[in-house]
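Student: Please take these sequences and the hints and turn them into a complete structure.
Residue strings, one per chain:
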Amino acid sequence: MPTTQELIAISPEIILALWALSVMFLDLLIAQSRKSILAYWSLLGLLLAGGAEFSLWGREEILFQGAFVQDNLSLFLDLVLLLATGLSLLMAKGYIKDLEMEHGEYYTLTLFATLGGMLMAGAGDLLIVFLGLEVLSLSLYVLSGFRRTEPMAQEASLKYFLLGAFASGFLLYGIALVFGSTGTTLLGGIAVAITEGGLLGDPLLLLGLGLLGVGLSFKVALVPFHMWTPDVYEGAPTPVAGYMSVVAKAAGFAAALRIFLSAFLQLAGDWTLLLSLLALLTMSGGNIIALAQSNMKRLLAYSSIAHAGYILLGVIALNSWGLSSVLFYLAAYGFMNLGAFAVIVALRDGEREYLALNDYAGLGSRHPLLALSMAIFMLSLAGVPPTAGFLAKFYIFGAAVQAGYGWLAILAVLNSVLAAFYYLRVIVIMYMREPAGQVAKMTHSPALALAIFLAVIGTVQLGLFPAAVVELAQASLFPFLGS
Amino acid sequence: MVPVANYLILSAVLFTIGVLGVLIRRNAIVIFMSIEIMLNAANLAFIALADAKGSLAGQVFVFFVLAVAAAEVAVGLAIIVAISRQQGTIDVDEINLLKW
Amino acid sequence: MEAFFWVVAIPATVSAVGVVMMRDTVYSALLLVVHLLAVAVLFVLLNAQLIAAVQVVVYAGAIMVLFLFVIMMLGLGRGEGVKEKLPLQRPVALLFGGAMAILLGVVMSQTTIQPVAGALTPGDVLAMGGNTQVVGRLLFSDYLLAFEVTSILLLVAIIGAVVLAKRRL
Amino acid sequence: MDFVRLVPGFPLLGVVLVALTGRFLGRRGTALVACGAVGLAFAVALGVTGALLQTPPESREVEVSLFTWAAVSDFQVDVSLLLDPLSAVMILVVSGVGFLIHVYSVGYMAQDPGFRRYFAYLNLFVFSMVILVLAGNFLLLYVGWELVGLCSYLLISFWYERKEAAKAGMKAFVTTRIGDFGFALGIFLIFATFHTLDYAEVFGSASQVLTTGLATAITLLLFLGAVGKSAQIPLYVWLPDAMEGPTPVSALIHAATMVTAGVYMVTRTHVLFELAPISMLVVAVIGAATAFYAATIATAQDDIKRVLAYSTISQLGYMFLAVGVGAYAAGIFHLTTHAFFKALMFLGAGSVMHALAGEQDIQKMGGLRWTMPLTSITFLAGWLAISGIPPFSGFFSKDEILASAFASGQILLWLVGVITAGITAFYMSRQVFLVFFGEPRYSQHTAIHAEHRSVPHESPWIMTIPLAILAVLAALGGFLGPVLEDFLGPVFAASEARQSLPPLNEAALIILSVAAAGLGIFIAWLGYIRRGVDPKLVAARLGLVYRLVRNKYYVDEVYHALLIRPVWQAASVLATAVDQAGIDGVVNALGSIMQSAGRGLRRVQTGFVRSYALIFLVGVLLVLAISTLR
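Note that the protein sequences, when read in sequence, are chains Z, R, U and W. Reading the first sequence from the start, the letters are residues 1 to 483 in my numbering. Reading the second sequence from the start, the letters are residues 1 to 100 in my numbering. Reading the third sequence from the start, the letters are residues 1 to 169 in my numbering. Reading the fourth sequence from the start, the letters are residues 1 to 630 in my numbering.
Simulated from the structure, these hints should not be mistaken for laboratory data. Among these hints, one or two may not hold up.
Said to hold, decoys possible - Partial list, derived from the structure: chain R residues whose beta carbon lies under 10 angstroms from chain W:
hint, residue
1, L23
2, R85
3, G88
4, T89
5, V92
6, W100
To be verified - DEER-style ranges, computed between Cβ atoms:
hint, chain 1, residue 1, chain 2, residue 2, range
7, U, G75, W, R603, 34 to 40 angstroms
8, Z, L28, R, L97, 32 to 38 angstroms
9, Z, L29, U, D124, 50 to 56 angstroms
10, Z, S365, W, T68, 37 to 43 angstroms
11, W, E439, Z, P435, 45 to 51 angstroms
12, W, G204, Z, E196, 45 to 51 angstroms
13, W, R603, U, T132, 53 to 59 angstroms
14, Z, R366, W, R27, 48 to 54 angstroms
15, U, M72, Z, G58, 53 to 59 angstroms
16, U, I10, Z, L265, 41 to 47 angstroms
17, Z, R366, W, T68, 38 to 44 angstroms
18, U, R23, Z, A436, 31 to 37 angstroms
19, Z, F453, U, F140, 44 to 50 angstroms
20, R, L97, W, T68, 47 to 53 angstroms
Being a predicted model, the structure only gives us computed values, none of them experimental. Glycine residues also receive a C-beta, built at the ideal position from the N, C-alpha and C atoms.
Tutor: Have a look at this one:
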């Protein structure tokens with residue numbers, strides 16, 4: 001039986017699970033016309049879970065015989081996940097109503113997906129990583145196809161599912177091999193086994209870790225495991241795409257951090273070459289292809305791929321600076337990227353979405369506030385000071401330099417120079433191009449406005465006054481690397 | 001005793017067959033079944049390794065994998081059913097609206 | 001024992017190849033059942049009786065019935081168009097797949113597995129009440145969290161399946 | 001001296017007020033808020049400078065930390081403002097000249113529908129520029145650096161309906177980004193070496209920490225940033241195109257302030273540059289070469305603003321020559337006088353264009369001294385200043401630079417400087433003579449078009465008063481020289497003072513440079529007033545040389561032939577769908593390679609799930625191969 005202490009320590013996850021269930025039951029009681037109550041109800045659940053996270057701050061609890069760890073690292077990541085979920089729900093409320101898919105299951109699945117991500121962030125056992133990943137993935141397969149009769153959504157769902165299951169196969173095979181080498185799937189146990197068994201060069205372990213890495217790379221969309229991303233983002237409902245771009249990525253990186261920090265820290269040196277290569281491919285691939293995009297969602301998909309590449313730099317640096325910058329980057333990325341998606345959601349006339357880049361022409365004069373917000377998000381994504389994106393990039397690149405990967409940082413800076421082209425193109429189109437026909441219409445909704453507002457605040461706040469968040473991020477890594 | 005390497009090589013072969021099935025076939029259901037072969041190969045490796053290691057953790061893991069596989073099947077088949085109904089095909093090469 | 005391994009391994013491989021090769025989906029599904037049963041036998045050889053049973057009952061039984069049901073219901077016997085749009089796919093796939101198999105095979109053929117400290121022999125397990133009892137106990141003690149997460153996973157799957165496949169929500 | 005924070009504070013407040021409440025303020029209110037913000041900033045700048053003067057010279061360095069911006073492990077960056085004589089001079093120039101240009105803009109932009117947007121950008125620019133010069137560490141410097149670039153880009157393409165304007169903005173942004181890339185790397189390198197970005201700490205330990213090689217690498221990278229921002233060879237191409245922006249913007253950003261950021265930055269980091277003699281030489285040589293090169297181009301331009309643009313590039317070259325030979329105070333002195341007279345001339349040019357309904361071709365002007373007396377008189381002050389005629393300001397500052405170059409032993413660079421002085425006098429005189437003297441050559445049509453008046457008219461007082469003030473400064477600013485050098489002295493105390501020349505030599509140098517200027521003016525007078533020599537004949541006689549100069553040495557064309565066309569062809573092989581036309585500039589070429597690479601790679605995304613799985617498998621093999629086969 002779990003002890004009371006364990007139940008308290010895992011209360012955020014429990015709250016979220018119960019809340020997801022409660023949404024299902026409420027869904028039965030509420031008339032179709034008033035389904036948006038569920039959105040607020042879900043948000044309340046997120047707030048409660050977030051509050052529980054806060055109250056647990058500073059603890060370091062190892063639960064369920066090592067299967068789960070509730071420490072500052074998982075709490076920080078959980079907060080990022082909860083925040084992103086909240087923003088995406090605010091975006092989704094009106095959207096799913098207008099596009100006639102307002103079912104309670106949307107909220108249930110979103111909450112469950114977040115729960116999956118939180119489990120990955122706190123996993124102490126590869127089994128929990130695997131199960132958390134599956135909870136997250138299955139929910140996302142369904143959410144991508146939530147517009148059930150729309151061929152594009154079905155296609156997105158199918159592609160994501162087939163490739164996701166394919167990747168799971170590799171992940172699982174990798175776990176099997178790691179287990180074969182070390183005899184356990186507990187992360188702490190693996191670390192002990194590596195030291196005591198002298199497994200540093202064990203080919204089975206290396207093979208297993210490689211396959212495990214492949215599985216996670218798929219989730220965070222590193223090139224060449226990224227192919228699903230643009231298609232799925234384009235086909236999925238826009239709030240889901242935004243949600244995926246942040247939550248799936250953050251959860252993937254969370255699991256990667258956990259696994260590398262707790263289990264494979266001793267092998268870290270062997271992976272730099274491979275990770276550097278992946279980071280390079282990912283940054284360059286994402287940015288170069290993004291240059292040629294004319295659909296906003298695809299553009300952001302490739303941009304999110306490129307950002308995964310930047311984040312990888314922090315993982316490669318593998319010092320307290322690098323890893324805390326990964327955490328900071330995820331938070332900053334959550335705000336700016338979800339903000340950009342929220343703008344896409346807002347640019348909608350009932351069912352009709354304006355997704356082409358050219359639809360953004362004339363936005364600057366027609367919807368000045370929306371355009372200004374989009375400009376802020378784009379500048380932040382491009383890394384122009386003084387936004388969150390600039391500081392996040394600065395931290396990550398600085399960490400790479402400090403850890404002796406100057407050449408990688410140079411290539412990353414070059415990449416972000418390149419990336420400025422397509423982000424600025426959006427701004428240029430919004431402000432400097434006359435619309436070909438009618439200017440895109442905008443949907444007004446308080447929830448959506450709140451989402452955009454929060455995202456703007458977050459983007460600016462993390463750019464100007466990042467100290468608090470950086471301190472939290474550093475405190476999260478204390479147990480692993482010392483200060 | 002059969003050496004554990006035999007089982008591992010068998011599982012590698014099965015895994016590869018599954019991968020090839022995913023790559024070569026166009027029928028979504030067959031692709032899906034190929035993925036099941038991959039999972040099964042991983043399970044085989046797990047059980048073999050658990051036996052060689054003398055640790056039951058591998059068996060427990062496989063138990064959960066079976067549950068996951070069942071869940072995946074439910075969702076996967078639902079997606080395939082929906083597509084088949086709407087678009088009348090489950091040839092993945094025909095399902096190709098999203099690209100570039 | 002050695003001979004018995006081959007007696008099972010060869011059908012397992014052949015049926016897997018058959019799943020991939022068969023033009024008719026129904027045959028593929030039936031061969032997959034054969035494959036799963038063969039692997040279940042291997043599980044027994046490897047002292048995993050409970051998993052073997054679950055494999056037969058849940059996997060080969062329930063899951064494959066679901067597959068067959070869907071195939072039959074939707075008439076998906078032949079789900080592939082005639083024209084191959086990607087002519088290079090097959091040779092390239094075989095090339096890389098082969099390379100992967102060789103890579104994995106080479107590593108695995110050289111592997112020797114050291115038992116963990118405190119390794120359990122099948123005899124130990126038997127003494128503790130048998131495979132089913134020991135694994136079952138583990139599920140509800142050390143793996144309690146995983147077990148609960150699995151329940152959520154299955155719930156997600158149910159909701160997902162309903163959302164996607166039900167005609168009217 | 002804490003209230004130095006108000007210097008950036010007021011313009012920022014201005015941006016917020018104009019952007020948020022401008023709708024309710026109306027034009028008058030917007031103008032008042034925007035000008036008031038910068039005016040107050042100037043007043044504060046005066047105040048802090050006064051306060052600085054009260055303290056003893058050695059301790060004239062105040063760091064005001066606003067808040068901790070970024071901190072990881074042992075590394076911390078504050079948002080801190082550094083007030084010392086150097087930054088004090090800079091904020092005075094930025095806010096002072098900025099204020100005058102704001103006022104002028106009220107008149108110049110009066111009819112423009114984008115009035116409010118214009119002033120929001122302009123205030124944002126002043127804010128960013130102040131941050132740049134007041135920054136107490138490299139990170140904040142970089143922030144200001146990027147922000148001024150952004151403002152410059154926004155303002156160049158202010159009239160985005162004009163295709164050229166939008167294109168010029170893009171060109172400016174992207175070209176300077178190449179420089180910024182070097183700048184960012186330089187900062188990274190500093191950080192990797194020193195583990196801090198604070199000025200005081202970096203400069204304090206530089207001589208112990210840096211080897212010559214490292215110092216050279218860092219400073220060359222920093223200088224690359226300066227080259228981009230201050231439009232030196234080879235990244236100068238964006239500045240002439242930047243003239244597509246409103247003329248007051250050209251005056252403020254592309255003449256008086258932002259383009260001098262490079263000079264400021266090199267001066268600020270002179271401690272590092274002095275550890276790298278090679279970098280110093282590079283700075284000086286690039287500066288001298290640019291000065292000469294841009295001056296020759298300016299002799300054959302007919303666009304009133306382009307002449308001034310090339311002149312700006314040339315004058316910036318002088319400043320780099322100065323800092324390159326270690327005469328930092330002279331460089332800043334010239335920066336200051338240049339801000340006065342070049343802003344003056346740009347505003348004068350704007351006034352002329354205002355009167356002639358936007359006409360920019362100096363061949364179609366002439367005789368304006370009668371119709372626009374105030375504009376002409378003030379413009380003449382600028383002309384004499386830039387030509388280096390005593391006692392106008394440019395004479396003092398230019399002479400100081402040339403003398404320093406001579407004293408440092410760089411006789412060749414000095415000679416280039418003197419010749420350039422002559423050419424400068426020539427092309428400026430040519431412009432003045434063609435615009436303000438001789439017979440009117442503007443068509444009646446143009447004049448009538450200008451608000452239905454048959455004669456070009458003087459601009460309203462709100463435009464002429466700033467002109468008058470700037471004219472006074474341009475005329476008399478030279479006498480500030482000794483004060484300025486004295487004030488700046490402590491900042492450069494560590495560097496060796498220039499070996500003073502014997503008075504006789506000094507006098508000889510002065511006479512030589514004035515003679516060069518006089519000769520230039522004389523030739524222009526011969527050609528364009530007395531018509532003793534027919535410029536067209538000379539042009540024909542010079543033939544090839546003239547055509548080279550006239551066509552800006554065909555740099556754009558060479559870039560096109562060498563870089564763009566081959567790349568273009570390669571690109572079209574890569575991707576069939578290259579449909580854009582009319583791309584110029586080396587940068588756009590780079591962009592287009594990437595674009596076509598993007599278009600090419602995009603095709604990999606076939607939409608076939610099986611191809612995705614195949615690529616996935618290739619990735620798996622890559623990972624497995626690297627992780628096991630080592």
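Student: Against each hint, give a clear statement of whether it holds in the structure.
Tutor: Here is what the structure says about each hint:
Given hint, L23/R at the interface with chain W, holds; its Cβ is 5 angstroms from that chain's nearest Cβ, closer than 10 angstroms. Below 10 angstroms, beta-carbon pairs count as interface contacts, and R85/R has none with chain W, the closest being about 19 angstroms; its hint is therefore violated. A cut of 10 angstroms between beta carbons decides the hint on G88/R: the least distance to chain W is about 18 angstroms, and the hint is violated. For T89/R, the suggested interface contact is broken, since its CB lies about 13 angstroms from the closest CB of chain W, more than 10 angstroms.
Evaluation of the V92/R hint against chain W yields a held restraint, the C-beta minimum of about 5 angstroms falling below 10 angstroms. Below 10 angstroms, beta-carbon pairs count as interface contacts, and W100/R has one with chain W at about 5 angstroms; its hint therefore holds. The beta-carbon spacing between G75/U and R603/W, approximately 35 angstroms, falls within the hinted interval of 34 to 40 angstroms. Between L28/Z and L97/R the C-beta distance comes to about 35 angstroms, which sits within the given range of 32 to 38 angstroms.
Distance hint check: the CB atoms of L29/Z and D124/U are about 54 angstroms apart, consistent with the given range 50 to 56 angstroms. Separated by about 39 angstroms at the C-beta atoms, S365/Z and T68/W satisfy the suggested range of 37 to 43 angstroms. For E439/W paired with P435/Z, a C-beta distance near 47 angstroms keeps the hint of 45 to 51 angstroms intact. About 49 angstroms separates the C-beta atoms of G204/W and E196/Z, a value consistent with the hinted range of 45 to 51 angstroms.
Distance hint check for R603/W and T132/U: the Cβ-Cβ separation is about 55 angstroms, which falls inside the suggested range of 53 to 59 angstroms. At roughly 22 angstroms, the beta carbons of R366/Z and R27/W sit outside the given window of 48 to 54 angstroms. In this structure the supplied range 53 to 59 angstroms holds for M72/U paired with G58/Z, their Cβ-Cβ distance being about 58 angstroms. Against the hinted window of 41 to 47 angstroms, the Cβ-Cβ separation of I10/U and L265/Z comes to about 43 angstroms, which satisfies the hint.
At roughly 40 angstroms, the beta carbons of R366/Z and T68/W sit within the given window of 38 to 44 angstroms. Separation of R23/U from A436/Z is about 50 angstroms and departs from the stated range, judged on CB atoms against 31 to 37 angstroms. For F453/Z and F140/U, the Cβ-Cβ distance of about 48 angstroms falls inside the hinted range of 44 to 50 angstroms, so the restraint holds. Taking the beta carbon of each, L97/R and T68/W are about 51 angstroms apart, inside 47 to 53 angstroms as hinted.
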